[in-house]
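These protein sequences, in sequence, are chains L, F and A.
Each residue of the first sequence is one higher than the last, beginning at 1 in our numbering.
Each residue of the second sequence is one higher than the last, beginning at 1 in our numbering.
Each residue of the third sequence is one higher than the last, beginning at 1 in our numbering.
A few of these clues could be false.
Claimed, not checked - Here chain L is said to cover these stretches of chain F; the calculated rule only asks that three of the stretch's residues, wherever they fall, bring their Cβ under 8 Å from a Cβ of chain L: (1) 164-171; (2) 176-184.
Unchecked claim - Rough simulated footprint, nothing fancy, chain F against chain A, three-plus residues with beta-carbon under 8 Å: (3) 204-213; (4) 219-225; (5) 243-251; (6) 269-283.
Claimed, not checked - Partial selection, computed: residues in chain A whose CB lies under 7 Å from chain F: (7) N185; (8) D216; (9) L254; (10) N256.
Think of the hints as simulated: they come from the structure by calculation, not from any bench.
For every residue, glycine included, the Cβ atom is placed at its ideal position computed from N, Cα and C.
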Amino acid sequence: MSSAERPTVHLAAEHVVAGYGEAPVIKDVSLEVSGGQVYTIVGPNGAGKSTLLKALLGIVRVREGRVVLNGQEITNRPLEHLAHLGVGYVPQSDDVFDTLRVHENLEMGGYILDAKRRAERIEVVLEIFPALKSMLQRYAGTLSGGERKMVAVARVLMPDPTALFLDEPTAGLSPELTRRVLEEQVRVLADLGKAVLIVEQKAEAALKIADHAMVLVTGTVALEGSGQEMRENPEVTEIFLGGGRAPAAPAPS
Amino acid sequence: MNLLIAAVGFGIASGAVIALGSLGFTLQFGLSNVLNIAYGAFLTLAVFIGLLLVNANVNPWIAMIVAALVTGLLSVAYYQALIRGLLRRGASLGSLVIATFGVGIALEYIIVSIFGPEVQSYGLQGGGTVNIGDITLSGLQVAVVVLACAIMLGLHLLLTRTTLGRAMRATSVNRTLARSCGIHTERVTQITWFLSGVLAGIAAVALAMVTASFDFTLGSTFLITVIAAAVVGGIGQPYGAMLGGLIIGLTTEISAAFLSPAYRDVIAFALLVAMLLLRPSGILGIQSRRHNVAG
Amino acid sequence: MGLGRIGSGRVLGGVAALVMLAVAGCGSSTTPSTSSQSSAKINFAVVAPMTGSMAMLGHFISDPCFAAVGAFNKAGGVLGHKAGCVLIDDTGDPADAVPNVTKGLSTSSNLVGVIGIDSNVAATVVPIINSAKLPMVSSNGLSFFLNHYYPYFWRMTPPDIAEGAATAIWAHKKGYTKIAIVLQNDVGDTGNLPGILSAMKNEGVKPVANLQIPGDSSSYDSIVNSVRQTNPQIILLSADTQTMATFLSNYKQLNNGNVPEVITTTQVMSPDFFNAITKDLGAQYLASKVNFIGAYLNQQTPQYVAYLDAMNAAKVQNASTVAATGPIGSLYDGMNVEALAMVAAGSTKGSVYDSYIPKVTTARPGAVVVHTFAQGVKELKAGHQIQYVGVVGPVAFDKYHNSNGWYAAFGVSASQQTSQLGSIGPTELSAALK
Chain L
1 MSSAERPTVH
11 LAAEHVVAGY
21 GEAPVIKDVS
31 LEVSGGQVYT
41 IVGPNGAGKS
51 TLLKALLGIV
61 RVREGRVVLN
71 GQEITNRPLE
81 HLAHLGVGYV
91 PQSDDVFDTL
101 RVHENLEMGG
111 YILDAKRRAE
121 RIEVVLEIFP
131 ALKSMLQRYA
141 GTLSGGERKM
151 VAVARVLMPD
161 PTALFLDEPT
171 AGLSPELTRR
181 VLEEQVRVLA
191 DLGKAVLIVE
201 QKAEAALKIA
211 DHAMVLVTGT
221 VALEGSGQEM
231 RENPEVTEIF
241 LGGGRAPAAP
251 APS
Chain F
1 MNLLIAAVGF
11 GIASGAVIAL
21 GSLGFTLQFG
31 LSNVLNIAYG
41 AFLTLAVFIG
51 LLLVNANVNP
61 WIAMIVAALV
71 TGLLSVAYYQ
81 ALIRGLLRRG
91 ASLGSLVIAT
101 FGVGIALEYI
111 IVSIFGPEVQ
121 SYGLQGGGTV
131 NIGDITLSGL
141 QVAVVVLACA
151 IMLGLHLLLT
161 RTTLGRAMRA
171 TSVNRTLARS
181 CGIHTERVTQ
191 ITWFLSGVLA
201 GIAAVALAMV
211 TASFDFTLGS
221 TFLITVIAAA
231 VVGGIGQPYG
241 AMLGGLIIGL
251 TTEISAAFLS
261 PAYRDVIAFA
271 LLVAMLLLRP
281 SGILGIQSRR
291 HNVAG
Chain A
1 MGLGRIGSGR
11 VLGGVAALVM
21 LAVAGCGSST
31 TPSTSSQSSA
41 KINFAVVAPM
51 TGSMAMLGHF
61 ISDPCFAAVG
71 AFNKAGGVLG
81 HKAGCVLIDD
91 TGDPADAVPN
101 VTKGLSTSSN
111 LVGVIGIDSN
121 VAATVVPIIN
131 SAKLPMVSSN
141 GLSFFLNHYY
151 PYFWRMTPPD
161 IAEGAATAIW
171 AHKKGYTKIA
181 IVLQNDVGDT
191 GNLPGILSAM
201 KNEGVKPVAN
211 LQIPGDSSSY
221 DSIVNSVRQT
231 NPQIILLSAD
241 TQTMATFLSN
251 YKQLNNGNVP
261 EVITTTQVMS
271 PDFFNAITKD
281 LGAQYLASKV
291 NFIGAYLNQQ
301 TPQYVAYLDA
311 MNAAKVQNAS
321 TVAATGPIGS
331 LYDGMNVEAL
341 AMVAAGSTKG
351 SVYDSYIPKV
361 TTARPGAVVV
371 HTFAQGVKEL
381 KAGHQIQYVG
391 VVGPVAFDKY
401 HNSNGWYAAF
411 GVSASQQTSQ
421 LGSIGPTELS
431 AALK
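Construct the entire structure; sequences and hints are all you get.
So this is what it looks like as structure tokens:
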């Protein structure tokens with residue numbers, strides 16, 4: 001199936017309430033993202049950004065509301081089923097299989113494919129990330145932060161997913177690497193027609209590639225709008241300063 | 001005859017059996033983060049299943065296979081009935097140890113109530129004495145070493161060349177990520193528990209064959225060596241278990257030959273403690289940046 | 001005698017194993033413990049491991065108590081009191097033995113005497129019982145008691161050191177000079193070593209190998225290898241059944257099927273051991289190459305017949321095998337000695353009858369030799385002095401209350417019938433131990 005024949009992907013969360021213990025961490029959050037778009041979730045530390053992502057994936061239990069992918073409800077669906085529905089997930093940490101070689105990481109990424117298709121996809125992914133070719137036999141745990149992230153993204157692309165959930169893909173990366181990951185990889189994914197939902201701490205850089213964005217504060221949507229609007233909204237910066245954290249990159253004048 | 005070379009031969013022979021036993025144990029830990037103390041009772045169980053068959057005039061090698069398969073099935077049943085539920089309820093490592101310890105006691109009690117506390121034997125004749133240079137082994141030991149090598153090679157191929165094996169390693173190191181890739185980690189875990197039961201069965205029956213005499217304490221005694229080998233090599237790491245088994249086998253036999261034989265088993269524990277102090281992750285516990293207990 | 005050694009190597013096997021064995025021991029018990037339930041009677045305490053890896057031992061040790069009280073009661077009781085047995089679990093571990101024995105002594109009613117006390121706990125438990133002024137008859141093998149005096153402690157059997165000497169003397173009698181010593185490294189087995197070495201020195205022979213091995217190991221290959229390179233004619237081997245069976249199997253496998261003769265102790269002389277050796281080394285090996293050294297028991301005497309009757313009456317399992325074991329016979333004798341001392345003293349009070357113990361055992365002019373409790377009571381009632389000669393023969397306590405009896409060497413046939421091959425007397429032993 002080529003991406004041209006594929007129906008446009010559409011992911012929606014409707015009034016999601018979710019959390020681990022007694023009090024919900026996520027309180028009534030809704031969002032929508034379609035193929036070709038980057039939806040960025042920013043917010044201060046502890047706002048519940050990662051939890052929101054995990055709730056949408058069924059890793060954290062959703063108590064109220066629902067999650068719909070292409071018209072099909074996937075609320076609290078076991079995570080291993082989502083791969084078959086075209087969902088790819090890159091966690092914030094532990095984003096690769098440390099004790100597996102790079103090529104084995106890619107193969108696990110393509111676990112749901114048959115052997116022939118898996119081999120084809122490895123070729124495709126290596127075209128996207130040619131730098132990986134030289135490190136296929138290395139154990140993922142021995143790679144540098146940037147190399148790791150490359151493996152993580154390459155791995156998630158293996159089954160050619162239509163909806164991507166990226167949890168702080170730039171965590172621990174230098175500002176230059178952050179820019180490159182976001183602009184050269186994440187943005188490109190959306191441009192390939194995928195729906196990209198990205199959680200970022202580095203608001204400034206992340207909003208730059210966003211078609212749509214929300215600011216999450218203590219589990220609720222504080223602000224929401226297009227990437228452009230959010231970048232220009234002084235409140236965004238304020239929230240981050242007020243939340244005790246400076247923006248990751250200085251705001252360009 | 002060179003005593004050192006002879007001791008190396010014995011070390012390889014006992015190390016091969018320890019490695020097999022340790023592999024099963026370490027796979028369980030790797031996949032489920034469970035220090036399954038009941039593993040000792042499963043070893044004993046396999047030996048007595050083997051005894052039942054041998055006493056019924058079944059060829060001992062066939063008895064080994066049957067005992068291993070049955071132990072594998074019981075191991076999965078045990079995982080499904082107990083371990084899985086405890087893990088889902090978020091049981092701590094400590095309470096899991098206590099629970100498995102309890103099951104181990106109960107299981108041994110059942111075994112002893114059926115088979116009695118007497119010393120038992122398969123009554124195999126050693127298959128003659130084989131001399132390879134300065135190394136002297138019984139034919140049985142040679143057969144067991146060959147078998148163990150074949151199984152370890154097979155396991156190596158499984159883990160590195162097959163999708164199932166890679167999925168096992170992936171599940172072991174990062175379960176959530178594995179699930180997000182579409183891996184049915186529960187099924188992979190069940191298969192691993194089956195495999196670990198099979199390995200326990202083969203190791204235990206092989207041990208009973210070369211030890212000649214055993215009673216129902218075989219498993220719990222051997223468990224300590226098995227754990228030592230797993231920890232020395234790096235717990236949860238299959239190659240660590242193989243290496244740890246060999247190291248424990250060699251050091252115990254060499255020290256028995258050159259130090260006082262009375263210290264034979266002390267060496268295994270000394271290594272265990274030294275490893276925990278110097279390198280808690282074990283010799284091969286280096287590839288993982290984060291210990292897989294975390295997350 | 002090292003009664004405390006069985007299974008002590010298994011401590012490494014983990015608590016699970018210990019609990020299991022405890023359960024196993026209880027499960028296989030046929031001891032009629034109900035006889036200790038009725039009131040208005042005197043009780044003998046059996047101090048022995050009733051739980052833990054040595055629980056079997058506790059049940060063996062309690063057998064002569066139940067047999068003896070049965071005989072006492074049949075003869076009208078001790079000074080008119082019915083007698084019973086209470087079991088005090090010393091677990092074989094000194095750490096548990098102290099509180100258990102202290103508690104057992106204070107909570108059991110009408111305790112008049114104690115039997116048992118294995119080697120593992122004797123050093124800590126004997127002083128406690130001694131200060132409770134309860135005469136105790138023990139078959140432990142610790143050399144410690146050869147020169148430490150406790151007024152209420154009476155040892156009916158020679159110590160391990162004498163047993164060790166007896167094994168070496170027996171090897172010498174068989175004409176062997178290339179002798180290897182292999183002992184399990186626990187207190188019971190290694191206690192034999194000084195006696196072995198002393199006797200061998202006396203004979204002018206040096207051991208070709210002298211090794212101590214851990215119990216219940218999965219392999220003794222390296223140890224076997226160093227022993228077999230010395231080409232011993234005979235191995236003085238003392239260990240638990242599983243350790244011996246594994247050691248000898250390893251030996252057979254590494255030495256082209258040839259295993260030298262073995263002298264061990266009656267400690268392992270049981271169907272369990274016979275079966276294990278038969279399975280791994282063949283009935284022929286067991287019958288022609290294995291000798292057992294243990295306390296001498298003459299099975300042809302009338303007192304032995306009475307003793308066996310009492311054991312059977314107490315429904316002891318495998319009574320004829322258990323009865324033939326020296327330490328068990330000596331404990332039965334000890335029960336008789338205590339009870340006869342009570343009758344002679346006219347009191348069941350320990351502090352009163354303790355000094356009468358030598359008075360009913362020492363040979364002296366005018367003393368009538370008696371072989372059973374009933375006979376002794378009859379003679380005492382008739383106003384005679386008595387000398388009890390029991391199943392292990394005459395009892396003669398030294399100033400530390402040790403009685404050094406005779407040793408015998410036993411063999412076993414392919415059909416597992418035991419027979420006595422010869423004996424070693426106190427004179428030979430004391431010469432060897434000089």
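- Given as covered by chain F, does the stretch 204-213 of chain A meet the bar of three residues or more with CB within less than 8 Å? Our answer is that it holds, as 3 residues pass the Cβ test (under 8 Å) against chain F, meeting three.
- Item | Cut-off 7 Å, beta-carbon criterion: hint that A/D216 touches chain F | 6 Å, holds
- Interface restraint verdict for A/L254 against chain F (beta-carbon cut-off 7 Å): 5 Å, holds
- Item | Cβ contact check, 8 Å cutoff: the stretch 164-171 of chain F against chain L, three residues minimum | holds (count 4)
- Examine the stretch 243-251 of chain A for residues whose CB is less than 8 Å from any CB of chain F, and state whether their number is three or more. holds (count 4)
- Message: Let's test the interface hint: is any C-beta of chain F closer than 7 Å to that of A/N185?
- Response: Where the cut-off is 7 Å and the nearest Cβ of chain F is about 4 Å from A/N185, the hint holds.
- Using 7 Å as the Cβ threshold, decide whether A/N256 counts as touching chain F. OK, holds: A/N256 within 7 Å of chain F, min 5 Å.
- Message: Closer than 8 Å Cβ to Cβ for three or more residues is the test here. Does the stretch 269-283 of chain A pass it with chain F?
- Response: holds (count 6)
- Message: Between the stretch 219-225 of chain A and chain F, are there enough contacts, at least three residues with CB-CB distance under 8 Å, for the coverage claim to hold?
- Response: holds (count 6)
- Message: If you count the residues of the stretch 176-184 of chain F with a beta-carbon closer than 8 Å to a beta-carbon of chain L, do you get 3 or more?
- Response: Contact hint for the stretch 176-184 of chain F vs chain L: holds, 9 residues under 8 Å.
Violated hints: none; the structure is consistent with every hint.
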